[in-house]
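Peer 1: So the chains spell out like this:
6 protein chains.
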Amino acid sequence: MSLAELPDVDDAGEYSLDKIVGELRALRAAAQARRYRGAPPDLPSRAETVAAVEGLVAALFPRHFGPSGLAAREVDSFVTLKLAESLASLRHQIELELRLSGEREGRDRGLSRHAAKIVAELAQNLPNVRLLLDADVRAAYVGDPSAKSIDEIIFCFPGVAAVARHRLAHQLYRLGAPMLARIIAEKAHSDTGIDIHPGAEIDAGFFIDHGTGVVIGETAIIGRNVRLYQAVTLGAKRFATDAEGRLLKDYPRHPILEDDVVIYAGATVLGRVTIGRGASIGGNVWLTHSVPAGAVVTQAKASEDVFLDGAGI
Amino acid sequence: MSLAELPDVDDAGEYSLDKIVGELRALRAAAQARRYRGAPPDLPSRAETVAAVEGLVAALFPRHFGPSGLAAREVDSFVTLKLAESLASLRHQIELELRLSGEREGRDRGLSRHAAKIVAELAQNLPNVRLLLDADVRAAYVGDPSAKSIDEIIFCFPGVAAVARHRLAHQLYRLGAPMLARIIAEKAHSDTGIDIHPGAEIDAGFFIDHGTGVVIGETAIIGRNVRLYQAVTLGAKRFATDAEGRLLKDYPRHPILEDDVVIYAGATVLGRVTIGRGASIGGNVWLTHSVPAGAVVTQAKASEDVFLDGAGI
Amino acid sequence: MSLAELPDVDDAGEYSLDKIVGELRALRAAAQARRYRGAPPDLPSRAETVAAVEGLVAALFPRHFGPSGLAAREVDSFVTLKLAESLASLRHQIELELRLSGEREGRDRGLSRHAAKIVAELAQNLPNVRLLLDADVRAAYVGDPSAKSIDEIIFCFPGVAAVARHRLAHQLYRLGAPMLARIIAEKAHSDTGIDIHPGAEIDAGFFIDHGTGVVIGETAIIGRNVRLYQAVTLGAKRFATDAEGRLLKDYPRHPILEDDVVIYAGATVLGRVTIGRGASIGGNVWLTHSVPAGAVVTQAKASEDVFLDGAGI
Amino acid sequence: MSLAELPDVDDAGEYSLDKIVGELRALRAAAQARRYRGAPPDLPSRAETVAAVEGLVAALFPRHFGPSGLAAREVDSFVTLKLAESLASLRHQIELELRLSGEREGRDRGLSRHAAKIVAELAQNLPNVRLLLDADVRAAYVGDPSAKSIDEIIFCFPGVAAVARHRLAHQLYRLGAPMLARIIAEKAHSDTGIDIHPGAEIDAGFFIDHGTGVVIGETAIIGRNVRLYQAVTLGAKRFATDAEGRLLKDYPRHPILEDDVVIYAGATVLGRVTIGRGASIGGNVWLTHSVPAGAVVTQAKASEDVFLDGAGI
Amino acid sequence: MSLAELPDVDDAGEYSLDKIVGELRALRAAAQARRYRGAPPDLPSRAETVAAVEGLVAALFPRHFGPSGLAAREVDSFVTLKLAESLASLRHQIELELRLSGEREGRDRGLSRHAAKIVAELAQNLPNVRLLLDADVRAAYVGDPSAKSIDEIIFCFPGVAAVARHRLAHQLYRLGAPMLARIIAEKAHSDTGIDIHPGAEIDAGFFIDHGTGVVIGETAIIGRNVRLYQAVTLGAKRFATDAEGRLLKDYPRHPILEDDVVIYAGATVLGRVTIGRGASIGGNVWLTHSVPAGAVVTQAKASEDVFLDGAGI
Amino acid sequence: MSLAELPDVDDAGEYSLDKIVGELRALRAAAQARRYRGAPPDLPSRAETVAAVEGLVAALFPRHFGPSGLAAREVDSFVTLKLAESLASLRHQIELELRLSGEREGRDRGLSRHAAKIVAELAQNLPNVRLLLDADVRAAYVGDPSAKSIDEIIFCFPGVAAVARHRLAHQLYRLGAPMLARIIAEKAHSDTGIDIHPGAEIDAGFFIDHGTGVVIGETAIIGRNVRLYQAVTLGAKRFATDAEGRLLKDYPRHPILEDDVVIYAGATVLGRVTIGRGASIGGNVWLTHSVPAGAVVTQAKASEDVFLDGAGI
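Same order as they appear, the protein sequences are chains A, B, C, D, E and F. First residue of the first sequence: 0, per numbering that gives the first Met the number 0; consecutive thereafter. First residue of the second sequence: 0, per numbering that gives the first Met the number 0; consecutive thereafter. First residue of the third sequence: 0, per numbering that gives the first Met the number 0; consecutive thereafter. First residue of the fourth sequence: 0, per numbering that gives the first Met the number 0; consecutive thereafter. First residue of the fifth sequence: 0, per numbering that gives the first Met the number 0; consecutive thereafter. First residue of the sixth sequence: 0, per numbering that gives the first Met the number 0; consecutive thereafter.
If you are wondering where the hints come from, they were derived from the structure by calculation, not from laboratory data. Among the clues, some could well be false.
A pair holds if it fits inside one copy or across any two, identical chains being indistinguishable in the list.
[To be verified] Here are the simulated DSS-like pairs of lysine-lysine, each with C-alpha atoms no more than 25 Å apart in a straight line:
#, residue 1, residue 2
1, K186, K248
2, K186, K18
3, K18, K147
4, K147, K248
5, K186, K147
6, K18, K248
Same shape as in the complex, but just chain A (with noise of 0.2 Å):
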């Protein structure tokens, strides 16, 4: 519809901001009475949220996300200074969704532990996750021949960026904060391009080259050394339903990736299969049950007569 033909709704342009405001309301009100008892509770904040995890990430690797310019000696009070900061904003984000996630109003003070207790899991758990993304880092050293140095990828590398907030969010989803760790997911999704929910078990070395419009599920298992390029989608292969067609949820349903595997871009490997130990898969491959160890699994298209042993990008 062209202005031209606008109703002539306002002559000057003019419109009742009250109006719109009231009926906003009214269908927020309907919104939140289909999905809450009583007064709606208060929500987590993405932004904190957000800015925690980038906290993190500068505590485990302060030269690179630090402050530029900081000097050795300072390096400590800086690590200190910033996970206190962070863990303690997301021990608030964490208690709220907990409260959200609807344990009872009356048992607040068990909230407020329930969520320090997860807090400090997490904490004590942050050496670890350097160690993981040590090997991942290595791992894309060694794989990729564009890469010119350690630091570099640590910079640069979208599959890091994400694997490394994949590790954190992990964490959150395993210790019962699912939705600060979708946010953590969906946050390094839209900087990198890479979609791996938290739910996604994945072990040492993992590297995910280019990376943009990778897709891995929630219950996918990736083991150790394994490599993945751009447009790889680990994926369901149709959904279960109840006997009242209603989707069920949480049972295993995305593939198992053992050790050393590679899969190569743009491949789609669906449903509770298992890859055996070092095989690879080809570009564009579309495979829906197990390969054994070793395998090689390549797209058979004759016209074009390709064999790929190792065709990467």
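Using the hints, position chains B, C, D, E and F against chain A.
Peer 2: Frame of chain A; chains B, C, D, E and F shown alone:
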């Protein structure tokens, strides 16, 4: 060329800033002379347009995207202020676009009134936009086993984020501010990897899962309760040209999807074809003709022997 | 592991911040010992590098990316200040990269002069970069029916945004600052979903439509007036290794595209092959051999019976 | 001591940061041990207190101190949000002050409720504060020939700015948050050079012209329509001490000014004296006894032979 | 009243925000009804006015108040941008003041042109302002033994800071924007403790040492090379009133200081008196009559027996 | 001159920005030619100097001026980072001042080392500065009946704020960076109305109450436990000149106050006189000669008949 081979332009690494500024000036003047008759008009501001749209989204979902800790009794005030501020800013940007798109300088007053009418129309449509988004969010909850709650979907899902911006951009597109509409669409594209042209017409209950790599063309039409997965393209088959070989613009060239269609990851649908009500198109399918209601189209890949009547991710 | 199952590490949710900081310190020390002989050198700043590049882009297109409301008589002053500030900042970052990449501490003065020469060379190339970008923008206008105006293209098109950053990153790459170049490239990748290695050589009039998922490798060479669609890969077929199985780096391994080539969405071209002048490669095609000038390569998919000699989006 | 004479502490200009940090830690511990029994409690935040008060002033005069361009229909929303935000912040600060001032840790719940009551009382008094300030502003307009308009007075006059903050600080003082009250008073002192202790009781229509150097003590009482000029002191004559020579606090020791009193620049009034209704005290007068209603007191300075029955500035 | 005595307004510390907002609305309406006939007009912005003036000062002294590290070849660009931005902002504020001060709504176009003329006049006077300030700075250097360098004076001296703002405010005052002028003057008063009414006429080479407490009235006239110390007042002796007892405004009521006068700390000069060329007035002197050229006036204080013919600080 | 009378410089309110910029350039060049032989050197940054000093104050009192909510276990880290950052910034500013004050360009390395030594000396003195400030704070608590707590004094008292900055500025003054010292002193003067020249030597336990208008000269010497009230001047009696009438600088010209002296509001003490141990000087007293230990000097004002042996405020 390595540095050692550099012609010795300047031993001390000096250069003439004035000279470079002058050359850039000349290039700007030449570029402007090609497309404006007189002095180049002021441009709308990308940053202010994006900020105004974020303001509208915060007004539509104040608990999720308003300031953290907003109390129930403050919500209406927040919505009022955010709307007032965002709509005033958009009105200014719209006026700049109208002037840019060629209307006479002498009709300043008319332009301003024209912009006011567009904003009034947009404002009055906001409750309807919220209604559509509520349906989109419910569709996501029903269709995705990994979705834990409505709040998680609003907070995190890139498909919902992209469609929310699209529904606002589409208003501006149809009311005569296509450049602002495109600015909004491309910001959402950057944030989510989902590229929806603001011209596309999309009905309620639309859900895009994962989303990276989705492309929806300018003249696409999408019915109720449609679901797409990542990397789906709804494109044009070929571009029509006029007698002199110049591209024709603004004719219907993208698909029509009727109600309840599902299209799985990586599928490509090209041209002004119609996918009938309730049809489902399998992953990676390449489709350039219409399909009847209820049809199930899959990739015929004997080597993989997969029949997909419900394969999602 | 749900929280209920948590080993009771600490009933009160307390943890030793000092212990965690100490463990992280030890891990940092170990990682640094693996890659530096002495104290770890200062790193360039990702944030400052990105800001400097945004400053150069604003100086190249001051009406679009300078402050809103910049008057004609102020433009040159804005360009002067922005260039001066951005180039000074880059010079500092380049010096840090040069020091990091292994030159002797004792040659401080030389490094500084070396950095100055790189910046001078980059600065003197800026008018040429603008010239190339003007051609890129015109190519977009001619090639995309949804493009309404030159200003819309400069403002919104992700392909133009990515190529603009690439043209700057490529200067730094060839002049000896590959890490800064990669930082810039990956920022553009994050913003647009388009992953162009800064080593790629790209001539004038280059247009990428939609763009999400495009990958262009380090040694690719692209002629004049080439057009790519989303999810096109210009990759390496396999990675060469030396006698001990280590990856070889820096040898030509990506495609050459001659002038006027068009490659449609989802196509994959791998290896040091040549796509001849004016050839067009259809959507989703998988190609690992050279193609003569003028050729039209399409996916041979009998089941769909599609012949595509101009299928774009 | 010039640098040449510096003992050669450290030839390279190095120093031990750790040592300095350790010495400062020891000094902090010693200072805290002198005034707290256990761990030092959290302190209120000066910055947040000041920001909250500026928020209340903006809510009292939204056209002058709200955002520029606030439209009539947005004012109530702005006032609502500003009040809600400022009062919530103050409530938190008050709770911190209450805890600091010695109430038991075990009574946390009580402290929180106590803070809530103080804020409720303050909030309900805001319309009355505005009423008093309206009278103050009118008094300034009537009393100063250089005042061009009411808006100028609200915007610019330091006397009005100081009295506005005083009227808010005085509420906090009398309700039991004297430290926050003092923080507010000293911020106003810094901005205006006018030092009003928050304990002073000041009735409507109070005007201070120029203001720099004015000091008004804790137990001063000021009637309606009183006018002061710069550098006037309403102080204590001497400080009472107890048997052991320690200062007595909290007894009446500053002047009482009845309605319609005028005190000219530089005058000093000390002790619990009463200046009777309508009296006027000349510039630079030094006064330590009471004065009856209607009296005119001037500096008896024969050498200058000036009789001042109305000398202002 | 202590909290224990509080009437139990609300046991839970709750209050009705809506009620308070409503009461404030009523008070605003009443106050506005007293001074505007119709809807209250938009006000100028204090923050933007102050920022614009700081911009002009930075343009006048770019090395001292421009960005740190500004290179010689960038200075003119900085000055150009700063002037353009500051003058455009001031022009908008002036237009708001003109509208506020009562000109007809119907004459919008005239007001805008009027504002443009004021700004043009102000702009063209800037070099002259700089010339005057150079003379002021030299006077400070010559007159103060503690001044180490010209740069220190420009950076630090409150007298110079206050006079710089005064010279700009005075332009606005005489050109018809007295409220903006007063905003600027009071900001300087807040920063320096020096209160110069923007109406005062001050010739070159003016120096105020220390400055706190100085007050200079609206109709004061000050010649060349005059020097004042802290707490000097140039005030009015008494305020003239009309037949109905209302203050008369805008008549000469403050002192005239001829060239080369010096007035020491704490002296008070009241009324339209003339201090003749080269006269010096001692510390704390109270003076209400004219003094001939070359006179030396001191406090006749037998008890102290001090003769001051050059006592400064 | 009203606008109506304006010469019609420019009917459209236009002016030549280039012309104004050119005139300002010429004036800058002339001013610089008067005081520098060659190109004007870079100046220290006022903003960075002030920020560094605020950083040092926050490191000295981290609970009061550090971030709100700083936990006990984070304090040392905060202090370490704040010191490191502030001292590094000061070192850079000091180097700029040293270069400015006339040392040869060729001795760059020496200047840098000189600056490092000054900073090391300043850093090592910080614990001593804290010790002095603790004594100052206790003196305030003992001496002011309105002081409720130590925390209130640290937070709010302008006298304490000014003396804290003075103690830091004085270090810089005596170590050879007098311009930075003056920048700090004048910032404190602006904030508190208390003007202490950085050259003044002040021992422990110093307390200034109210403070507005206090002036303390460059060569003043103040013993232990001295107390001043507002508007006290410790000045020079007259300025000595050399044979050609130029001011002599850097000779002792301000008072010496021995231990335990009290000076009440408005008193003026001029010249190199000594106020003996324990003496007290009454309000408004004007004093230009020395006074023995224990003396009580008051204003002899028969008309008021006041004897003040302890009159404070």
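Peer 1: Against each hint, give a clear statement of whether it holds in the structure.
Peer 2: Here is what the structure says about each hint:
For a Cα distance limit of 25 Å, the shortest separation of K186 from K248 inside one copy, 23 Å, qualifies, whereas the shortest one across copies, 33 Å, does not. Proximity of K186 and K18 under a CA criterion of 25 Å is satisfied in neither setting, with 35 Å inside one chain copy and 30 Å between copies. In this homomeric assembly, K18 and K147 never come within 25 Å of each other (Cα to Cα): the closest approach is 60 Å inside a single copy and 34 Å across copies. For a Cα distance limit of 25 Å, the shortest separation of K147 from K248 across copies, 9 Å, qualifies, whereas the shortest one inside one copy, 43 Å, does not.
When the C-alpha separation of K186 and K147 is checked against a cutoff of 25 Å, the pair qualifies only between copies, where the shortest distance is 17 Å, while the shortest distance within a copy is 27 Å. With identical chains, the CA atoms of K18 and K248 are never at most 25 Å apart, being 41 Å at best within one copy and 39 Å at best between copies.
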